[in-house]
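Novice: What follows is the residue order along each chain.
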Amino acid sequence: MFGLEALPYLVNAFSGQNIFAMLLGVTVGLVIGAIPGLNPPMAIALMIPLSFQMPPETALILLVSCFAAGIYGGSFSAILMRAPGTSASAASAIEGYELTKRGKAIEAIRISTFASVVGGLISGIVLMFLAPPLARISLLFGPSEYFLVAILGLTAIASVTFGSVIRGLLSGLLGLFLSTIAIDQYSGFPRYTFGIIGLESGLDIMPAIIGLFAFAQGLELSEGDPTTTISGVKKLSWNIWPKLSEILHVKWSLVRGWIIGLIIGVIPAAGGSVAQWIAYAEEIRRAKPGDQFGKGELKGLAATEGSNNGVTGTSLVPMFVLGIPGGISAAVILGALMIHGLQPGMRLFKNSPHVIYTIMWGFLLANIAMGFIAIFLARTMAYLTLFPRGIIGPLILIFSVIGVYAGSNNIYDLWIMFGFGVLGYIMIKTNFSPAGTLLGLILGPIAENGLRDLLVVSHGSPISFVLTRPISVGLLVGIILALYFSLRPKPWEGEAEGKSQSPKN
Amino acid sequence: MRKYWGDRITGGICICLSIYFGWLALEFPAGGGTFPFFAAGGTIFLSLILIAISFISKKPDLRETIKFNFSYSSMKPVTLCILVALHMWSMFEIGYFTSCALFLFIATIMVGIRNYRAILTTAIILFPSMYAFFVLFLKARLPRGILF
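Taken in order, these protein sequences are the chains called B and F.
If you read the first sequence in this note's numbering, its first letter stands for residue 1, the second for the next number, and so on.
If you read the second sequence in this note's numbering, its first letter stands for residue 1, the second for the next number, and so on.
Treat each hint with caution, since some may be false.
As the list claims (entries may be wrong) - Pulled a few chain F residues facing chain B out of the computed Cβ check, cut under 7 Å:
# : residue
1 : Cys-100
2 : Phe-134
3 : Arg-141
4 : Gly-145
As the list claims (entries may be wrong) - Distance ranges between label pairs, derived from CB positions:
#  : chain 1 : residue 1 : chain 2 : residue 2 : range
5  : F       : Lys-3     : B       : Arg-285   : 30 to 38 Å
6  : B       : Leu-10    : F       : Ser-71    : 55 to 63 Å
7  : B       : Phe-372   : F       : Phe-105   : 34 to 42 Å
8  : F       : Phe-68    : B       : Asp-453   : 43 to 51 Å
9  : B       : Val-255   : F       : Gly-112   : 43 to 51 Å
10 : B       : Val-11    : F       : Ser-71    : 57 to 65 Å
11 : F       : Cys-16    : B       : Leu-139   : 41 to 49 Å
12 : B       : Gly-460   : F       : Leu-26    : 13 to 21 Å
13 : F       : Met-1     : B       : Gly-195   : 35 to 43 Å
14 : B       : Asp-453   : F       : Arg-63    : 45 to 53 Å
These aren't lab readings, by the way, just hints derived from the structure by calculation.
All residues carry an ideal CB built from backbone N, CA and C; glycine is no exception.
Please work from the sequences and hints to get the whole structure.
Specialist: Following this line, the structure appears as structure tokens:
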């Protein structure tokens, strides 16, 4: 019985360093999530150097706490100033800001807090119960399955690049190419190193993550008017928990939002950005006479806020089980998992149960903590949105440089981070997907080993071999479906345009 | 230049690079070139699709004109990159505190911030906090130079 399996590790989550990591992750996530233009993947990337010296479970608690709180933090700026802190809060900006204009900002924040905290908790519980049995599937995997699961991951993440799946896939293939830079472990022959000694051990994931997500964001923020601040909202009440009557008024919208979030989270690469629009569309479809959608309807806000935090836990399910992230933040967390020497799949649950279950308990506690920390941070978060981007941009660049050096003490890693930062910036500007490249880099070695072993065991006939294995056929169907769903036009894209071209959950 | 030309040029560059890296992979022994070939083949295939779409698609956004902007404002990221490269070199020569403070002052002023008090306050609070966190708490090493 799984519940009993996980129970002994609850105590671990309450150790001093795990509680400290959780509180730090929640605080950083809330603050960074609330600042428009900064997003959870960037916050997680910046946290990785800090987590380097920590035990794996503490490090991962820090990162998953940052993830959950980042999504919730994004709602503050979305509601208060129609400037979503994250793309997962873009739909919340529609009803949330209208409520603010009608003088109901605090009601909107209250519903958002309840929907996010409870949504995250439910999502964390589903993660606990769903991940271990699903992880057993990975025991049935052979070379062909490992190769195909890596390709499925890349195909799925490509769909995150709204409107340009081809560019997303090309980004993934670039990541695969970059993953081959190193001495070949089969032959000892250097590949694409061009005589540079620092490249012989390959490109580390940590500088790649920080470059693609933090450094590139720092460069982007330096553009435009540096003194830009969003609005003058400075006052928030300390009371950000809703009354029972307020909850009952939107109860079914909350439930629908949570369910949509839970389901969408399990689908690789779909994430909160997709879930919130589906939840919002569903609420509009169910609108009754008197509802004020588009003019400040609490039901719409409850559904979008419930769905985007409902995603957080379940988006970690495919990541922990198969190594396929459920969103961009999960992709960054996957990188961190590997930096700490952990491999997704059944081995993670069998060999390191203390790590994985402590992380899950930590995630649950983080969702509770974020509601309470937000009470104290609410005013500060409103002030933070007044911080000029001209200062935030250079600060992120400094933190990227110092963070990478402190993490590895390797000058080559600094230049690799710099290279990935420039690449990430160019990719953002040309509508390519930095997340796709990162995932290609992470999944490249898995895919390559799978392909080479597949060619050996199939005696050079990989296609006929793959077609004899039911799981491989299932994965092939998954790849085709992922391509189909990412290529067909999405009904919510018209609404999302201008708000979230490239989801960053 | 219209946007579809951007797709064609991007596709062309991707194909050329894939052929070059695929050609380099011919020398890799013991099947070391198999995976790079796979990636090169996939890239060429997708690039051809990207180019084909630029010819047949009727999407209005592909017909939009790309406006190249070489104003000071749009070149800020380039200047910042040069500054970061200098910072990465100088922090091993003059030390963490001096290099970071210099970078923050020059970079923020260069992007257009004139609130010197805010910059100074940020530097005074942030850099010692970062030092304390990394060096004293996490026992990590930060760069040292002739200054501090």
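Novice: Against this structure, judge whether each hint is valid.
Specialist: Results of checking the hints against the structure:
Hint status for Cys-100 of chain F relative to chain B: holds, with the closest Cβ pair at about 6 Å, below 7 Å. Contact between Phe-134 of chain F and chain B, as hinted, is supported at the beta carbon level, the nearest pair being about 5 Å apart and thus within 7 Å. Against a cut-off of 7 Å between C-beta atoms, the interface hint on Arg-141 of chain F holds, since the closest Cβ of chain B lies about 6 Å away. Given hint, Gly-145 of chain F at the interface with chain B, is violated; its Cβ is 13 Å from that chain's nearest Cβ, farther than 7 Å.
Look at Lys-3 of chain F against Arg-285 of chain B: about 35 Å separates their beta carbons, and that is inside 30 to 38 Å. Restraint check, Leu-10 of chain B to Ser-71 of chain F: a C-beta distance of roughly 57 Å satisfies the suggested window 55 to 63 Å. For Phe-372 of chain B paired with Phe-105 of chain F, a C-beta distance near 38 Å keeps the hint of 34 to 42 Å intact. A beta carbon spacing of about 48 Å between Phe-68 of chain F and Asp-453 of chain B agrees with the range 43 to 51 Å that was offered as a hint.
In this structure the supplied range 43 to 51 Å holds for Val-255 of chain B paired with Gly-112 of chain F, their Cβ-Cβ distance being about 48 Å. Checked against the hint of 57 to 65 Å, the pair Val-11 of chain B and Ser-71 of chain F passes, with Cβ atoms roughly 59 Å apart. Remark: the range hint 41 to 49 Å for Cys-16 of chain F to Leu-139 of chain B is upheld by a beta-carbon distance near 43 Å. For Gly-460 of chain B paired with Leu-26 of chain F, a C-beta distance near 18 Å keeps the hint of 13 to 21 Å intact.
In this structure the supplied range 35 to 43 Å holds for Met-1 of chain F paired with Gly-195 of chain B, their Cβ-Cβ distance being about 37 Å. Between Asp-453 of chain B and Arg-63 of chain F the CB atoms are about 47 Å apart, so this pair conforms to the stated range of 45 to 53 Å.
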